[in-house]
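Assemble chain B onto chain A, guided by the hints.
In order, the protein sequences belong to chains A and B. Under the working numbering, the first residue of the first sequence carries the number 1, and numbering increases by one thereafter. Under the working numbering, the first residue of the second sequence carries the number 1, and numbering increases by one thereafter.
Some clues are possibly wrong.
Derived Cβ-Cβ restraints for the label pairs, each shown as a range [stated by the list, open to error]:
no., chain 1, residue 1, chain 2, residue 2, range
1, A, G63, B, Q110, 40 to 46 Å
2, B, K42, A, G63, 22 to 28 Å
3, A, S67, B, V54, 35 to 41 Å
4, B, V54, A, A82, 43 to 49 Å
5, B, R108, A, Q22, 41 to 47 Å
6, B, D59, A, R44, 26 to 32 Å
7, A, R44, B, E79, 30 to 36 Å
8, A, S67, B, L113, 36 to 42 Å
9, B, K42, A, R77, 34 to 40 Å
Since the hints were derived computationally from the structure, they do not count as laboratory data. Glycine included, C-beta positions come from ideal geometry on N, C-alpha and C.
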Amino acid sequence: NAGVTQTPKFQVLKTGQSMTLQCAQDMNHNSMYWYRQDPGMGLRLIYYSASEGTTDKGEVPNGYNVSRLNKREFSLRLESAAPSQTSVYFCASSGGFSGANVLTFGAGSRLTVL
Amino acid sequence: GENVEQHPSTLSVQEGDSAVIKCTYSDSASNYFPWYKQELGKRPQLIIDIRSNVGEKKDQRIAVTLNKTAKHFSLHITETQPEDSAVYFCAASRIGTASKLTFGTGTRLQVTL
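Isolated chain A (complex conformation):
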C-alpha cells in the first residue's frame, strides 16, 4: 500500500499564479487534512474533510480552497499565490484500523512563491 501520496513534491510559483496540490490515500480513511509547516510554527491545519462530501476550515484557511473529489482524493488549490504561502504542505488522513485520532501523513510538497 502506498498510504498517502502527494504531488508535486516541489513547485516554484510566481506571485499571482495558481496551482493545485493533489493528495490521494489508499487506506479507506474517512477523514483527510491539509497542513502547512513553517519554521518555528509547527503544523497548522488549513482545511479538513471529515468525510466524503464535506469540507471545513482549519486554523489558517485564507488564500486556499479545497475539494474532496471522492473518498480517496483531497486537493488544495492556491488561486493567487503569495510569498506568505511559501511553505511545506502536508496532506494527512485518519480513520480505519489506525483509528480516528492517528494521522498518516504524505511525504510533503515544498512550495516556493517568488
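Chain B alone, transformed into the frame defined by chain A:
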C-alpha cells in the same frame, strides 16, 4: 481553542543520555496527547500517544507522562541513539476529533556521538 506550548525548541544530548521534552496545554477537555517524530526531510510519524485515563505509557526506550491537574505532558527518551535525532511534535485534542488536533511548535533533538 486549544493552545499547546512545547519546550525546549532545541535539545542536544550525548549518545546514551536521556532526553526530555515538555508540553503544556490549555483546554482541560483535551484527553488525547500524541507525539510525532519528523526526521529531516521526511513526513511526521506517530511514535506514541496517551489518553487522559492513564498517567504514563512506555514503549521500549520512549515513554510519555501526563499530569492532568497541571495540564502538562512530557516525552522521555532513554539511552538515546543517533537515529533519535529528529524534530518531535507534541499535540493535544479530544478523542475522535483529529481535526481539532493542535500541535506544539516542535523540538529539534540532536544526539551527538
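Taking the hints in turn, this is what the structure says about them:
Our hint of 40 to 46 Å for G63 (chain A) and Q110 (chain B) is violated, since their Cβ atoms are close to 34 Å apart. Taking the beta carbon of each, K42 (chain B) and G63 (chain A) are about 26 Å apart, inside 22 to 28 Å as hinted. Restraint check, S67 (chain A) to V54 (chain B): a C-beta distance of roughly 40 Å satisfies the suggested window 35 to 41 Å. The hinted window of 43 to 49 Å between V54 (chain B) and A82 (chain A) holds, with their beta carbons roughly 44 Å apart.
Separation of R108 (chain B) from Q22 (chain A) is about 30 Å and departs from the stated range, judged on CB atoms against 41 to 47 Å. Taking 26 to 32 Å as the suggested C-beta distance range, the pair D59 (chain B) and R44 (chain A) conforms, at roughly 27 Å. In this structure the hint that R44 (chain A) and E79 (chain B) lie 30 to 36 Å apart at CB holds, the actual value being about 33 Å. The beta-carbon spacing between S67 (chain A) and L113 (chain B), approximately 48 Å, falls outside the hinted interval of 36 to 42 Å.
In this structure, K42 (chain B) and R77 (chain A) break the distance hint of 34 to 40 Å, their C-beta atoms being roughly 25 Å apart.
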